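Undergrad: Turn these sequences into a full structure, and let the hints steer you where they fit.
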Amino acid sequence: MLFNSEIFLFLFLPLTLLVFYLLGHFGKIKLALASLVIASLLYYGWWKPIYLPLILGSMTVNYVLGYLIQKLQRSGATGKATLVVGIVFNLGLLGYFKYANFFVDNLNALSGDDWKLAPILLPLAISFFTFQQIAYLVDVHQKKAQEVDLLRYALFVTFFPQLIAGPIVHHSEMMPQFANKNIGRFQLANLITGGMIFAIGLFKKVVLADNIAPYATAVFNASAEGNSVPFVDAWTGVLAYTFQIYFDFSGYSDMAIGLGRMVGICLPLNFNSPYKATGIIDFWRRWHMTLSRFLRDYLYIPLGGNRMGPSRRYVNMITVMLLGGLWHGAGWNFVIWGALHGVYLGVNHAWRSWRGDKISHGAWARGGSRLLTFLAVILAWVFFRASSIDSALNIISGMLGMSGGIPLTPADLLAAVDREAAVLIAVLVGIAWYAPNTQQFMRDYINLDSADKYRVDKSTPLTRWLRWSPSLRSSIALALLTAITVMSLWQPSEFIYYQF
Amino acid sequence: MWRRYGLFYIGALLCLCAVVAVVNGTIDPHGRLLIVDREGFNQAKISPDNNRSGKARHLRQCTYDTLILGTSRTESGIRVEQPAFEGSRAYNGALKAATMYEMRRVADYALANQALQTAVIGLDLSSFNAKDQGLDDFDESPFADSIALGAWVRYLVSWKTLKHSWYTWKWNYDGNTVTCKDRGEHTPRVGAQASPNVRTAFDFVLKRYASGQYPDFTLGEQHLADFAATINTLADADVQVYAFISPMHATHLELMREMGMLDKFDNWRRKLLSIVEATNKRVGNNNTVQLWDFSGYNKITTETVPNPLESAVMQWYRDSAHYNHDAGDILMSQVFGIPSPEPGIRLTSANIDAVIAAERAQSDAYRAANPSEIKRLQEMLLGAPYKIKWSF
Chain U
1 MLFNSEIFLF LFLPLTLLVF YLLGHFGKIK LALASLVIAS LLYYGWWKPI
51 YLPLILGSMT VNYVLGYLIQ KLQRSGATGK ATLVVGIVFN LGLLGYFKYA
101 NFFVDNLNAL SGDDWKLAPI LLPLAISFFT FQQIAYLVDV HQKKAQEVDL
151 LRYALFVTFF PQLIAGPIVH HSEMMPQFAN KNIGRFQLAN LITGGMIFAI
201 GLFKKVVLAD NIAPYATAVF NASAEGNSVP FVDAWTGVLA YTFQIYFDFS
251 GYSDMAIGLG RMVGICLPLN FNSPYKATGI IDFWRRWHMT LSRFLRDYLY
301 IPLGGNRMGP SRRYVNMITV MLLGGLWHGA GWNFVIWGAL HGVYLGVNHA
351 WRSWRGDKIS HGAWARGGSR LLTFLAVILA WVFFRASSID SALNIISGML
401 GMSGGIPLTP ADLLAAVDRE AAVLIAVLVG IAWYAPNTQQ FMRDYINLDS
451 ADKYRVDKST PLTRWLRWSP SLRSSIALAL LTAITVMSLW QPSEFIYYQF
Chain G
1 MWRRYGLFYI GALLCLCAVV AVVNGTIDPH GRLLIVDREG FNQAKISPDN
51 NRSGKARHLR QCTYDTLILG TSRTESGIRV EQPAFEGSRA YNGALKAATM
101 YEMRRVADYA LANQALQTAV IGLDLSSFNA KDQGLDDFDE SPFADSIALG
151 AWVRYLVSWK TLKHSWYTWK WNYDGNTVTC KDRGEHTPRV GAQASPNVRT
201 AFDFVLKRYA SGQYPDFTLG EQHLADFAAT INTLADADVQ VYAFISPMHA
251 THLELMREMG MLDKFDNWRR KLLSIVEATN KRVGNNNTVQ LWDFSGYNKI
301 TTETVPNPLE SAVMQWYRDS AHYNHDAGDI LMSQVFGIPS PEPGIRLTSA
351 NIDAVIAAER AQSDAYRAAN PSEIKRLQEM LLGAPYKIKW SF
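Line by line, the protein sequences are chains U and G.
Note that the numbering used here numbers the first sequence so that position 225 is 225, with each residue one more than the last.
Note that the numbering used here numbers the second sequence so that position 12 is 12, with each residue one more than the last.
Hints listed in this document are in silico derivations from the structure and should not be mistaken for laboratory results.
There's no promise every hint is true.
[What the hints assert, rightly or not] Derived EDC-like pairs (lysine to aspartate or glutamate); straight-line CA-CA distance at most 16 Å: (1) U:144 <-> U:297; (2) G:299 <-> G:258; (3) G:375 <-> G:258; (4) G:160 <-> U:210; (5) G:163 <-> U:420; (6) G:207 <-> U:225.
[Said to hold, decoys possible] If we take Cβ atoms under 8 Å as the criterion, some of the chain U residues that face chain G in the derived model are: (7) 188; (8) 189; (9) 226; (10) 230; (11) 475; (12) 478; (13) 479; (14) 480; (15) 486; (16) 487; (17) 488; (18) 490.
All values reported here derive from a predicted model rather than from experimental measurement.
Even glycine gets a Cβ: it sits at the ideal position worked out from N, Cα and C.
TA: Quick look at the structure:
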């Protein structure tokens, strides 16, 4: 079930909200929370019911392990062995379902053997709920989290707004909210604010991402079929994908936050205008923020972070990004994407060590930094999107003009470019670089935690003018936005991040 | 404050959607409602391509006596102006990825709007896949026997329909009137047809069938019932029916053999034949419905496929499943009794066993003569997921 599907929008969501708030209204808080768990499992199982036992099993095992660690610690033991068992269990599950075929293929390629595995369908959300539960076990071990309530733990793992593609939440962010005595109490402000955030996300996905997607698909498919891609087509396809994934993920993240808010739960920011970044370090503070946070807290810092000297720091950084790439998918193209970002981060840190961060204060320098960052990011997207390394290199050849078709005059350019695609890309550049993002737009009502509030970009006159408030003007503007979305809704496409 | 905001928002949203629905319902670019039908306003419908709605419009607004049914193979392979259709006005009502149910509905729709004398039905195994439900635009088209509330909403509150409404209104405003020049022929964008070489297109389509249509193929009993209903309805309306099994390229047949599909294919042909013969028996004329088979190995289907690096165009094929107009002319000539190379045969219960046995022998001969093609197929299938077996 997709957030942008009819069944979700017109049946699942209204029914879930109705049952949740009715139970809350009659003071049945536990039942209200249970209704959210059941709805979440229904949402998850809609795709492949066969994988419901997987998430239920994973959740039960992790809950029991978390309980054991706490019990062992109360009796004076460290619980480290139990933690290791938990991490091995979670990574084993992820490794089997996500990486077994990749591993066997590469083993065959290296050894010349012919081991064969059945095709393993990747269970939805496994990367997300696995990471979330590893973080939980580590937090329990470090005494940052404790949980005894199975119902609340079940909701923490399965909460449908963020189950499939994040944000990856910390136990400490969610449990106090689930334990809040006001949960389940209907507040129109929550419903409307959440609904507006959701509507903005849906617009980004359905109207912006889905309309630019065909231009990316055409070029990457042509390349996958072995066709050479001329210069203008290559750039059109790559820019189209650059904005497809941006608005797809941004839209999804908004929808997740909006849905959470509709039931009175605040989810952390996950996306903060990453194409406005003036460096790769900045980019990773803005793109998939909760994954960056997870990788930093549970991988980079345990590896030694920056505490073991500069060279070890760079090694750690590249290792983390390689694994981050592999987390996105079992393929060498994802590894290369991660490696590229690891190298970018290394260069960015080296630059900062050498020159400091002063260069970013000048307008021209900031513009140049932003453009350079943007170009580096889109180069990496080629590997991320292409079906093979050959296909990616083929497209990069096209972008470099090695497949011909470089327009030498404006007339050549006009003849070569698809005008509809060019206009769409120009509009999307404008939105990504200059328009306020959802958290700026909803600043006064979005209820961010203090850390996220600090991350929201500073206001400009434009963002102040566009800032949302529950007024007549904004109701009509958002109704227009929603109407355009509804009219484009009827052929839902999957979110890119659902496959991770 | 919040209550007022919510009411304004919902009210404005419903008003906007209602305005769009009224505009779309009035101009009705796909001809689904026909409430308003005025020259200079919306009478001449303009569909951007030969989709289901466009073909329904042709069949409603123009006059034909010969209807061609089928999938994209027939749509791109059988032209309406050719010796076989001389003296008649043929319309190609074949639809991309059509199921047999859709063909049945097109036949019903055509019978309700036209005085048909002849029907030609191109038959493909893929139209009888129990799991295949056809394309989405069928439900929105007048071919659908009923339209659900959801489909109405999708049609009326739709950006796509609004764009088509605009085109339709502009087209009529510019003085255009109903035109019947387009007669349903269409070259579909199948896979890599735009590729620089035919081999790429062959590989693309073969892979698509290997991983999409053929694994877990199940012959749909309802689809067979739809075929029976189609030819019976046409026969009852005194329409002469020529059904034919499309000529797939030999590599495609070999793909089916490699995937163990040939028994299913033969079973399908036998069932089609028994339905045809039962219909003829019922109407008391052995020739009312004829079933022709062009799927064997012959000069057309065994045409050499160019190497990957060659940019040569094939004489008969666009890809392994789609033949071109020149091949289509030959098929129709044979069916309509015009002297031609005769690549096919009319199937009867007396000859079907011999036809199948001969094809097996021809297949063996083709494999012996074209080992590189077979190796290529086998390598391709090794990469397809369905071949991989558990070994844990």
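Undergrad: Each of the hints needs a verdict: does it hold here or not?
TA: Against the structure, the hints come out as follows:
| no. | hint | result |
| --- | --- | --- |
| 1 | U:144 <-> U:297 | holds, 13 Å |
| 2 | G:299 <-> G:258 | violated, 22 Å |
| 3 | G:375 <-> G:258 | holds, 11 Å |
| 4 | G:160 <-> U:210 | holds, 14 Å |
| 5 | G:163 <-> U:420 | holds, 15 Å |
| 6 | G:207 <-> U:225 | holds, 11 Å |
| 7 | 188 | holds, 4 Å |
| 8 | 189 | holds, 5 Å |
| 9 | 226 | holds, 6 Å |
| 10 | 230 | violated, 12 Å |
| 11 | 475 | holds, 4 Å |
| 12 | 478 | holds, 6 Å |
| 13 | 479 | holds, 3 Å |
| 14 | 480 | holds, 6 Å |
| 15 | 486 | holds, 6 Å |
| 16 | 487 | holds, 4 Å |
| 17 | 488 | holds, 5 Å |
| 18 | 490 | holds, 4 Å |
Going down the numbered hints, you'll see the structure goes against 2, 10, while the others check out.
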